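Visitor: In the order they appear, the protein sequences are chains A and B. In terms of our numbering, the first sequence opens at residue 1 and continues consecutively. In terms of our numbering, the second sequence opens at residue 429 and continues consecutively.
Quick caveat, the hints were computed from the structure, so don't treat them as lab data. Remember, predicted model here, so these are calculated numbers, not experimental data. There's no promise every hint is true.
Unchecked claim - The list that follows gives simulated cross-link-like pairs (lysine to aspartate or glutamate, EDC-like), each with its CA atoms no further than 20 Å apart:
| # | chain 1 | residue 1 | chain 2 | residue 2 |
| --- | --- | --- | --- | --- |
| 1 | B | 504 | A | 361 |
| 2 | A | 123 | A | 107 |
| 3 | A | 123 | A | 71 |
| 4 | A | 123 | B | 551 |
| 5 | B | 807 | A | 388 |
| 6 | B | 504 | A | 23 |
| 7 | B | 749 | B | 779 |
| 8 | B | 641 | B | 626 |
| 9 | A | 82 | B | 551 |
| 10 | A | 225 | A | 199 |
| 11 | A | 393 | B | 626 |
| 12 | A | 42 | A | 397 |
| 13 | B | 504 | A | 199 |
| 14 | A | 123 | B | 779 |
| 15 | A | 123 | A | 95 |
| 16 | A | 82 | B | 626 |
Stated by the list, open to error - Cβ-to-Cβ under 8 Å is the rule here; a few derived chain A residues that face chain B:
| # | residue |
| --- | --- |
| 17 | 79 |
| 18 | 82 |
| 19 | 107 |
| 20 | 125 |
Backbone N, C-alpha and C define an ideal beta-carbon position, used for all residues, glycine too.
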Amino acid sequence: MNVHVQGCAIGVEPSPTHPVRRENGQREVFCGLTGIVWLHRKIQDAFFLVVGSRTCAHLIQSAAGVMIFAEPRFATAIMEEKDLAGLTDANDELDRIVTQLITRRPDIRLLFLVGSCPSEVIKLDLSRAALRLSRDFSPRVRILNYSGSGIETTFTQGEDACLASLVPALPPLGTSEDQLLIVGSLADVVEDQFVRLFEALGIGPVRFLPPRNSTDLPAVGPNTKFLLSQPFLADTARALEERGATRLAAPFPLGVEGTTGWLRAAADAFGVEDTTFVTVTQPYRNRAARALGPYREKLTGRSIFLFPDSQLEIPLARFLSRELSMQLVEVGTPYLHRDHLAEELRLLPGNIPLTEGQDVDLQLDRCRAARPDLVVCGLGLANPLEAEGITTKWSIELVFTPIQGYEQAADLAELFARPLVRRMKLVP
Amino acid sequence: MTMQLTVWTYEGPPHVGAMRVATGMQGLHYVLHAPQGDTYADLLFTMIERRDRRPPVTYTTFSARDLGGDTAELFKTAARNAYQRFQPQAMIVGASCTGSLIQDDPGGLARALELPIPVVTVDLPAYQRKENWGAAETFYQLVRALAGPSAPPPGTKRPARSAGVRPRCNLLGATALGFRHRDDVAEITGLLSLLGIDVNVTAPMGGTPADLKRLGDADFNVVLYPEIAGLAASWLQRTFGQPSTRSIPIGVSATREFIAEVANLAGVDPTAVLAECSTRLPWYSRSVDSTYLTGKRVFIFGDATHVVAAARIASDELGFKVVGLGTYSREFGREIREAAKRYDVEPLISDDYLEVEAKVAELQPELVLGTQMERHIAKRLGIPCAVISAPVHVQDFPARYAPQMGFEGANVIFDTWVHPLMMGLEEHLLAMFRDDFEFADGAMPSHLGAGHAEPAGEAPVTLSGPASAPAFVSSGIAVVWAADAERELRKIPFFVRGKARRNTERFANENGVATITIETLYDAKAHFAR
C-alpha cells in the first residue's frame, strides 16, 4: 500500500460529505478537568486550582491513577455547604485559599483558577476573582481562569479552554517576519523532533503554545502563522485569530501521512521549495514507513470501532484506515469541528459511519452487533467489553503517550497492535 | 473557614458510596442526575476492582445547553430508558453534587413515572458528607424501603426460633470497592457455617432487592463494616428486634471474641470451633525469629474499624509499639479517641493528606499501616508500609484469597505486615551499629531488592519536617583505613556497611585515631552497640 502523499493535493477538492449520526444520550466521557493531569506536567511553573466539589478532586485523582508527587501542582478548593448557601462569601474564601497556596508554593509563577460544574452552576465569577487576585500577586504570579467543567467541556476541551485563556496574556509579536507557532501540548521529545525538522526546512525559530515555562510565553500577532498539533483547539484557534494570527489548514501529525501533510502546510506557507521539502522529509518518511511495516501486517483488514473520547478519533481513523489498512466500523467523536478537520475528512473513506455525541447504551448495542476485532474506548467500558470477548484499547493512553510525528508513528501503531497480540498469545 | 484546599482525598463524594452499594448488589439500578464527566466513577469499579461489567448506573450527563432547557425531562427519559433496558428489581435515584444544585427532585420525577418496581430516593448532601456516609445512608434507605413493609407492628416480641431450625443471620456491610470485602465475606460465611449458623442474606455485596425484603427472617445481624452497615443494622434492631454483633473479627483475639458473640446470639456452643480453629499467627509471633518484631514503632491510619483492629493486633499479637493512630472518618472519631487512650498516643482525626504526611515524618515510625495514601507517604519517606484499609488501589484486589477477617485473615495479616520489614538476622546485624533514625532512612530489607533502597526522588514537602539532623559531624581530621580493616569492613553485609564505615570513622575522629585498624573497627562496634 502506498501511503505517501508526495505533492499532497490537500485543500483543492471540496470535502466529500460524510453522513454524521448525532446522538444525545448518556456520554461516557471525562470532563475538561482531566486535562490538568497532562497540562501541569507541560507548563512546569503553573498551578491548577480547581474551584469545585469533592467529586472534582476525586475525578482528577482517579484519572491520574497514581499519586506520584508528594505535592502535585494541582489541587481542589472544595466548596462546602456554607459557600453555596451564601453564608460565607465564596470570594473571600477563595482569596484566603489562593493566598495560602501562593505562600506555600513560592515556585509557582502562573496560577489557573479552574471552574467546575458546581462553580458554573452557582455562577461563581472566576474571571473577576482572577483579576482581583492578579492585582495582589502580580507581577510575581500571573492568575488566569478557565472552565474545565463537564457542562462546558468534554475531556480534551479542557486543554482548549486553558490555552484559550493564555492567549490574551501572550505578548504582541514585534517582528515583520512571519513566525510559526505550534499550538497544542506535545511531549517534549516530540517538540524537539519537530524543531529539528523545521530547522532543516529553514523555518524558524518555531514557538510553542503552551510553553514549558510560563515566563516564556510566545508572542503573537498578524505575522503569526499557526499549526494546530491537536484537533480539539477550537476556542484557542479563534482567540489566536482574533489576535491577527492565521491558522494553517492541515491534517494532524499522526502517522507518516498526517505528519507529512502537517509539515507541508507549514512549508508551503513559509515558501519552502518542494525539492527541499522532499529532501528533508523523505529519509524520515522512509524510516517511519519501515517501522510501521510489521504493525501493518498485524493490523491489515482488522475491524476497529472507536468510541468518542478525545476528539483524536478522526485523525486516528484516517491513520488506521490509510496507513494500516484497518476497517473502520464506526468512528465516534464527542464533537466534530468540520473546519479544523476538513483536511482529515477529505482523506477519510467516504462511507465511514461517523457519530458525533453519544448514547452509550445504543453505541454499545451497535458495537456488540458488529463484533469488531478491536474497540477503542474509555476505562469505564474496557474491562466489561473484554469480559464479553471483545478486544479493547484504552483511549486515554492515546492522550498520555507521545504519538505525533514520524518517529512515533510506529509507537502509535503498536498501541493498537498490542491488545490483538495479547489476545492471540493468551490461551483461550 | 469553609472552603477546603485539598490535594488528595481519602473519600469520594457520597454518591460514589451509593454506587458502591448499587454495584455490589444485583438486580438494582441507580439513576443519577449528574453532569457530563461524572461517569469517571465507573472506572473505579472496572479498573481498580477489575469488574467484568459496568456499574449499574445511568447518568443523565447533562451539559450547559441542557441547563437552559428541561433537565427534569432529561432525568425522566434516562430513568424510563434505564428501567426498560435493565429491567431491575428496584431502582435508586438521586443526584451528584452538581445535580443537586439544579434542584430537579429526582425522587418526585421518578415517582411520576409510576414504574412497576420500588424506587428509592437517596438524598445525599454532597457538600457536607462523603463516600462512606453515602454508602451507609444508601444501604439504610434501601433496607428501610424494601424490608420495611414486612416489619411487625412496633413492640412485637421476636418469636423464639423453633426447635431443630438452624440459626440464621444476615451478613451486612460488604460493598463493591471495599478493602478485601470479597474475601472477608467468604471467610466469615465459612466460620459461621462451622458454628452451625446459616447466612440468610449477604448485603449489599451479592444481595438483590428481593433479598433485602427478607432481611427480617434472620435471628440476628453480623455487622462486618460498621461504617457502611451500622445505620441499617440499628434500624433492623429497632424494627425487627434483631440484635447485631459488635466485635469485628480482625485479628486472633477479636475473631475468638466474635465467635463467642455470635454463638451467644445464635444459641450454639462455640467450644469445638474455638478449640479447632487455628491460625499460625500466635506461634509465628512467639517463634524466635519474631524477636525482631518486638517494640517496632508503628503508625496506623485508615478507616476507624480497620485502624482499631490493626492497633490491637499490632500491640497485643505482634508486640509492636503503637506510636500514633488516626482516621479520616470524622463520624468515627470517638472510637479512634478511645483506642488512642489505650495506647497513650494522640489521635489524628483528619482527612488532610498533608497533615498525615507531616505526622508520619514527625513520628518516624519503623512501619506504617495505612491506606494507599499512606503507602505513598511511606514510600517517599523510605519507611516500610502495609495497606490495611480503603482507599484502595488495583493491588488491593489480589488474585489470591486474602481476607483480613477470621483466622485465615490473621495469617494474611502476619505475612503482609512482616514482609516489608527486616528479616530477623538482618535486624541483629543492624543493631551492632545502631543509630535508628538514619537506619530507617538508608537501609531497606535486602529481600525487597535494590528498588527499595532509597526514598522516591521527588522530596516530600512537609509542614513540619523531622527536626532531627544527622548526628554525624565531621571534625575535619582525615582518617585512613588500613588495608586489613578495609577488608574486614567488606565482610559486613552491604546494607549495614555504610553505617559501619561512618560510625567507625566518627569513632576514630573523636578518639584521635589517624589510621583505622581492625581493632578500631571492633572498638567502634563495641562503642556504638550500647
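Visitor: Which numbered hints are broken by the structure, listed smallest first?
Guide: 2, 3, 4, 5, 7, 11, 13, 14, 16, 19 and 20
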